[in-house]
Amino acid sequence: MDATLASIVAAAAPLVYAAIGETITERAGVVNLSLDGSILLAAMTGFAAAYTTNSVIAGFVAAALVGMAVALLVAWSGIALKLNQIAVGFILTILAADLAGFLGDSFNRLPGPTVTARPIPVLENIPVVGQALFDQNISVYGSLLLIVGAAWFLARSRGGLELSAVGERPEAAHSRGIVVNRYRYLATAAGGALVGISGAAFSLDQKAGWAEGSTAGFGWIALAIVIFGGWQPLRVALGCYLFGGLQVVALRLQPVFPGLSQVLPAIPFPLMILSLVIVNSPSIRKLAARAPRIGRLLIPDPPGALGTNFATD
Amino acid sequence: MTLRIDQISKRFGPVQANDAISLEVQPGALHAVLGENGAGKSTLMKILSGFQDADSGSVTLDGAAVSLGDPKAAIASGIGMLHQDPLVVLPFTAIQNFILGTDIDRAEARRLIVETGQRLGFDLDPDRVARTMSVGERQQLEIVRLLSLGVKVLILDEPTSGISTGQRELLFAALRTLASEGLIVLFVSHKLEEVLDLCRSVTVIRRGTVVGERPLPCPPEALVEMMFGEIVTGTTHATGGHGTPLLRVANLHVTGRRQTISDVNLLVDAGEVLGVAGLEGSGQGPLLRALAGLDQTTEGTINLDESDLTNRGHRSFMAAGVHFLPAGRLEEGLFPDLTIAEHLELALGDKTVDWGRADERAKSAIERLSIKGAPNDPVEGLSGGNQQRVLLAMMPERVRLLLMEHPTRGLDIESADVVWTQLLERRTEGTAIVFVSADLDELVSASDRIAVCFDGRILDIVDANTVDANQLGSLIGGQVTA
Amino acid sequence: MKRAALAGGASLLVASILLIVSGTNPIEATGVLISGSFGTSDKIADTIMAWAPLALAAAGLVVTFSAGLWNIGVEGQVIAGAITATAVARSMGGPGWIVMAVALLAGFVGGAFWGVLAGLLRTRGGVNEIFGGLGLGFVAQAFATYLVIGPWKREGIASTSGTDLFREDVWLPTVGGTRLSLAPVVVTIGVLWWVAWILKSTRFGLELRAVGKNLASARLVGIRSEPVMLGAFVIGGGTAGLAGAFVTMGIQHKLVPAVAGGRGFLAILVVLLAAFAPRWIAPVALFFAAISVGSSQLNLRLDLDSSLGGVLQGVVVLAAVLVAGWQLQRKINRQEEVR
Numbered sequence: 003m004d005a006t007l008a009s010i011v012a013a014a015a016p017l018v019y020a021a022i023g024e025t026i027t028e029r030a031g032v033v034n035l036s037l038d039g040s041i042l043l044a045a046m047t048g049f050a051a052a053y054t055t056n057s058v059i060a061g062f063v064a065a066a067l068v069g070m071a072v073a074l075l076v077a078w079s080g081i082a083l084k085l086n087q088i089a090v091g092f093i094l095t096i097l098a099a100d101l102a103g104f105l106g107d108s109f110n111r112l113p114g115p116t117v118t119a120r121p122i123p124v125l126e127n128i129p130v131v132g133q134a135l136f137d138q139n140i141s142v143y144g145s146l147l148l149i150v151g152a153a154w155f156l157a158r159s160r161g162g163l164e165l166s167a168v169g170e171r172p173e174a175a176h177s178r179g180i181v182v183n184r185y186r187y188l189a190t191a192a193g194g195a196l197v198g199i200s201g202a203a204f205s206l207d208q209k210a211g212w213a214e215g216s217t218a219g220f221g222w223i224a225l226a227i228v229i230f231g232g233w234q235p236l237r238v239a240l241g242c243y244l245f246g247g248l249q250v251v252a253l254r255l256q257p258v259f260p261g262l263s264q265v266l267p268a269i270p271f272p273l274m275i276l277s278l279v280i281v282n283s284p285s286i287r288k289l290a291a292r293a294p295r296i297g298r299l300l301i302p303d304p305p306g307a308l309g310t311n312f313a314t315d
Numbered sequence: 006m007t008l009r010i011d012q013i014s015k016r017f018g019p020v021q022a023n024d025a026i027s028l029e030v031q032p033g034a035l036h037a038v039l040g041e042n043g044a045g046k047s048t049l050m051k052i053l054s055g056f057q058d059a060d061s062g063s064v065t066l067d068g069a070a071v072s073l074g075d076p077k078a079a080i081a082s083g084i085g086m087l088h089q090d091p092l093v094v095l096p097f098t099a100i101q102n103f104i105l106g107t108d109i110d111r112a113e114a115r116r117l118i119v120e121t122g123q124r125l126g127f128d129l130d131p132d133r134v135a136r137t138m139s140v141g142e143r144q145q146l147e148i149v150r151l152l153s154l155g156v157k158v159l160i161l162d163e164p165t166s167g168i169s170t171g172q173r174e175l176l177f178a179a180l181r182t183l184a185s186e187g188l189i190v191l192f193v194s195h196k197l198e199e200v201l202d203l204c205r206s207v208t209v210i211r212r213g214t215v216v217g218e219r220p221l222p223c224p225p226e227a228l229v230e231m232m233f234g235e236i237v238t239g240t241t242h243a244t245g246g247h248g249t250p251l252l253r254v255a256n257l258h259v260t261g262r263r264q265t266i267s268d269v270n271l272l273v274d275a276g277e278v279l280g281v282a283g284l285e286g287s288g289q290g291p292l293l294r295a296l297a298g299l300d301q302t303t304e305g306t307i308n309l310d311e312s313d314l315t316n317r318g319h320r321s322f323m324a325a326g327v328h329f330l331p332a333g334r335l336e337e338g339l340f341p342d343l344t345i346a347e348h349l350e351l352a353l354g355d356k357t358v359d360w361g362r363a364d365e366r367a368k369s370a371i372e373r374l375s376i377k378g379a380p381n382d383p384v385e386g387l388s389g390g391n392q393q394r395v396l397l398a399m400m401p402e403r404v405r406l407l408l409m410e411h412p413t414r415g416l417d418i419e420s421a422d423v424v425w426t427q428l429l430e431r432r433t434e435g436t437a438i439v440f441v442s443a444d445l446d447e448l449v450s451a452s453d454r455i456a457v458c459f460d461g462r463i464l465d466i467v468d469a470n471t472v473d474a475n476q477l478g479s480l481i482g483g484q485v486t487a
Numbered sequence: 096m097k098r099a100a101l102a103g104g105a106s107l108l109v110a111s112i113l114l115i116v117s118g119t120n121p122i123e124a125t126g127v128l129i130s131g132s133f134g135t136s137d138k139i140a141d142t143i144m145a146w147a148p149l150a151l152a153a154a155g156l157v158v159t160f161s162a163g164l165w166n167i168g169v170e171g172q173v174i175a176g177a178i179t180a181t182a183v184a185r186s187m188g189g190p191g192w193i194v195m196a197v198a199l200l201a202g203f204v205g206g207a208f209w210g211v212l213a214g215l216l217r218t219r220g221g222v223n224e225i226f227g228g229l230g231l232g233f234v235a236q237a238f239a240t241y242l243v244i245g246p247w248k249r250e251g252i253a254s255t256s257g258t259d260l261f262r263e264d265v266w267l268p269t270v271g272g273t274r275l276s277l278a279p280v281v282v283t284i285g286v287l288w289w290v291a292w293i294l295k296s297t298r299f300g301l302e303l304r305a306v307g308k309n310l311a312s313a314r315l316v317g318i319r320s321e322p323v324m325l326g327a328f329v330i331g332g333g334t335a336g337l338a339g340a341f342v343t344m345g346i347q348h349k350l351v352p353a354v355a356g357g358r359g360f361l362a363i364l365v366v367l368l369a370a371f372a373p374r375w376i377a378p379v380a381l382f383f384a385a386i387s388v389g390s391s392q393l394n395l396r397l398d399l400d401s402s403l404g405g406v407l408q409g410v411v412v413l414a415a416v417l418v419a420g421w422q423l424q425r426k427i428n429r430q431e432e433v434r
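Residue numbers (this note's numbering), protein chains in the order written: chain A, 3 to 315; chain B, 6 to 487; chain C, 96 to 434.
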């Protein structure tokens, strides 16, 4: 049981990076549809960098930069060029995936450096959660810290408050002197960097090495989990661990149900669709209005200004 | 702490929203800014509070220049605005909304919300989520917040639409307190009654310029005349009305997004023209949309030609011969990028599309209505007047009831003439026309009768030929005269 | 024209840089691409066979885009069509040509059904068609995989490389000893013409475009938006399903889980580059198909990864979109200054 929990936490770590990164971006009002391609490109770049420099850190940094660059391109075309974020994000997700395949050709299936395991003595012996939380490597520790950090940032810090206001009601933020578009760029850069780190977490840890299309589909899953998690870091993380759990279970059941791991990626989506239908159903909304606390728990409300462009005149 | 507004001008494309507006307000004033929709008062307030920059002119507060075009700078200079839809972030608590964008810590914010709130008679809960607050409570929160930021001028933009009477009383009491403490309160509204109730002086704005200033109280007719221009009555025209009742509305109650209208009882004859007058927001909008079947009614009935159309949906109303001409034109009525011919084909064509026939139809409409454009021109590129003519051309041949919102708003005289010539032609075929307008000349000269809306009700229906200017003005201002 | 030149120039520049960085001569690479797609009659056949499903799916997407809908679920609709076509091909007896015709029809129906599901999620469930479509796409993919390694698996081996091959008389007939079959070409040309006709000359097409431009105005002229949107999904999903059926019946001759293979998404790129105009679909799709087919030669002859083809396609579209946006902004800024 302990070992299973530990492998779930480890398997979900890259997804956590991507989903929380996108949560931050979307809370500021920007949709980064290029997620799937970005993760691939970052995974490849991260591996290539780590391979050539023999430094895992270099790999993570390179991946973060790539993720940030792609995300900023989406934000820039929406803010400066007033283009449709969805259209540009979509084009980039395909382009980035193909770039990853092309540029990563020479690194295909090479063995490379991976993140070293760093168990924490004493703490790792705590029953049940000890192994899961303290017998991991830096990448996984990072993901755990990220969850806590992002949750705290968005809920309790000034910066997080301002960021949420920017995505929820930019006019209100603007009236209080907050520079809306600057926040959007920052949030996109940060979110994009995290998406990049997610790629490195795949190619330098969970799915060690690079192969064309190795992380395909995870970006879309991350997007779904953001919605399912109601744009709240803790719930998003829960979604990631649920998915990680499904992955691990599927692996264990592989001998019994051979095709399960193939069917697996499809599962988050019906759940997400279900949650979206619930949001919009008038009878559920009435229920939620009567019991606000439960309502907030059940109904994920997207940031009010998600996907829109904001102009100061 | 005198507020001096000097020659503020602002143009949006062809429209001069503010034309060299100058104004001076003393500390402790409860000063109203009155004007109809489109008069320019909102633009002026946005400029004052930093949400809009001005083309020219200046604003000084106590001699110090106020930097325009940035909301935060305006607040730093001491000018704050309470928006009609208070700019609060709905998922945040009161405290979170309060501290957003400031350095104030939570404990301090809590103290300020409670203490200042109490001083003004508000009962604010710092931990309440904004979404669960009523509009009135959100306003109270914003006022407390602006005060804590040290504003000396508080602008309120149409604050009383959407709040209860009780909250309005609370608000007014608080504003009186603030004025007595030396604050300048600028109360922007089109609601005469409230302006007369709360304020001590008023500036009236019409078509972008200051038309007059008065101390209050003063006779409402005088204000109406300033807002709408001189009322010319007594012009006669052939009275319509074939005597056969066409539209029967009984006990109608409609709830629109911002306004409601209740207890509406109307009887309109075939061939009759009924004008609907009233201050903006008195309920005319929901009334017209309900008569078109676009909005649901919660109570009452609508009968056309003896058949009950209540809540049957817009398509049934259309089938019964009702046609709605919206004010928005490009927002609602026309399609960007589609051509004149395509618009007419959509409105008037049948199951199969024949572009040859559509082209002919467009050409004849262009000629009939003197539209400056070709059949394949996209309507976006046409002027407002020509767009309105296209909307007119989209009317079906047989219309029993024609509903129009501000049919000649923003049009040049020539286009307005074309519109009314076309419309009055229809009435000879038995079409009844019900239209909303803020142009009193138009109301008086085109209507047989005028229904005046006020505060969500029809106050009275008068004969357009015999109504007297004072009577009409009083009615619009909310007072029924004997 | 200037816009096309700018976009084309930008893409060429980026592509050349990428090639040089990976140690290849851009001119040589272009030569390989061209000969790889048009060099021999076999290659031309392959290019045309790649063009047909791409143009089909793109034609359907023009319809959904005209209604203001982002039909990202197109991949799922391709798969749905492939599945239904396979079902018919495997189970229906009788003369080959009847089975083929029914299979193709089934492909259209399957794709249309999958499209309508996404449409209903939007009109009844309020679910944005992007996420609804995406979700349905994943579900379709999973279902196809399940079928291939489960109920329809090959004798003794459960492999994701596909089902057993269909019986030979339901393989789409080819011409001239090449892999080219006429049915997809003829049908695609027909569909392209059909879509253009719908949009331009039918009441439905006019209402569709009206709904896409302004929903409020559409209501005022009496248009009911739900049937119009669902109708758009029937056409969009159906043509995508038909594309999937053609790939299955004409190229792969079995059900492969990767039957969509990014074709649906590529079709979206085609439509974006063609600026939503039906008359540009055929040439743009041909351009993209040539790159896709030609790029497989890049691997063989120049030891370059065939994804380069995808990179080229993506860069061209991105450049076109960015240049268009940039030019529009410049125009708006200049207008502001004049005022």
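Hints may be right or wrong, so weigh each one.
Under 10 Å between C-beta atoms, here's a sample of chain C residues computed to sit facing chain B [said to hold, decoys possible]:
(1) Ile139
(2) Ala140
(3) Glu250
(4) Ser254
(5) Arg298
(6) Lys308
(7) Ala313
(8) Arg314
(9) Leu315
(10) Ile318
In the BS3-like style, the derived pairs of lysine-lysine whose C-alpha atoms are separated by at most 27 Å in a straight line are [to be verified]:
(11) C:Lys308 with B:Lys368
(12) A:Lys84 with B:Lys377
(13) B:Lys356 with C:Lys308
(14) C:Lys295 with B:Lys356
(15) B:Lys368 with B:Lys356
(16) C:Lys308 with A:Lys84
(17) C:Lys426 with A:Lys84
(18) C:Lys426 with B:Lys377
(19) C:Lys426 with B:Lys368
(20) B:Lys377 with C:Lys248
Across the chosen pairs, the derived CB separations fall in these ranges [claimed, not checked]:
(21) C:Pro378 with B:Gly18: 57 to 67 Å
(22) B:Gly18 with C:Gly317: 27 to 37 Å
(23) B:Thr265 with C:Glu321: 42 to 52 Å
Since the hints were derived computationally from the structure, they do not count as laboratory data.
Treat the numbers as computed from the prediction; the structure is a model and nothing was measured.
Where a beta carbon is used, it is the ideal one built from N, C-alpha and C, also for glycine.
Checked hints:
| no. | hint | result |
| --- | --- | --- |
| 1 | Ile139 | violated, 38 Å |
| 2 | Ala140 | violated, 39 Å |
| 3 | Glu250 | violated, 54 Å |
| 4 | Ser254 | violated, 50 Å |
| 5 | Arg298 | holds, 5 Å |
| 6 | Lys308 | holds, 4 Å |
| 7 | Ala313 | holds, 8 Å |
| 8 | Arg314 | holds, 6 Å |
| 9 | Leu315 | holds, 6 Å |
| 10 | Ile318 | holds, 8 Å |
| 11 | C:Lys308 with B:Lys368 | holds, 24 Å |
| 12 | A:Lys84 with B:Lys377 | violated, 32 Å |
| 13 | B:Lys356 with C:Lys308 | holds, 20 Å |
| 14 | C:Lys295 with B:Lys356 | holds, 14 Å |
| 15 | B:Lys368 with B:Lys356 | holds, 21 Å |
| 16 | C:Lys308 with A:Lys84 | holds, 18 Å |
| 17 | C:Lys426 with A:Lys84 | holds, 13 Å |
| 18 | C:Lys426 with B:Lys377 | holds, 25 Å |
| 19 | C:Lys426 with B:Lys368 | violated, 32 Å |
| 20 | B:Lys377 with C:Lys248 | violated, 68 Å |
| 21 | C:Pro378 with B:Gly18: 57 to 67 Å | violated, 39 Å |
| 22 | B:Gly18 with C:Gly317: 27 to 37 Å | holds, 32 Å |
| 23 | B:Thr265 with C:Glu321: 42 to 52 Å | violated, 29 Å |
Going down the numbered hints, you'll see the structure goes against 1, 2, 3, 4, 12, 19, 20, 21 and 23, while the others check out.
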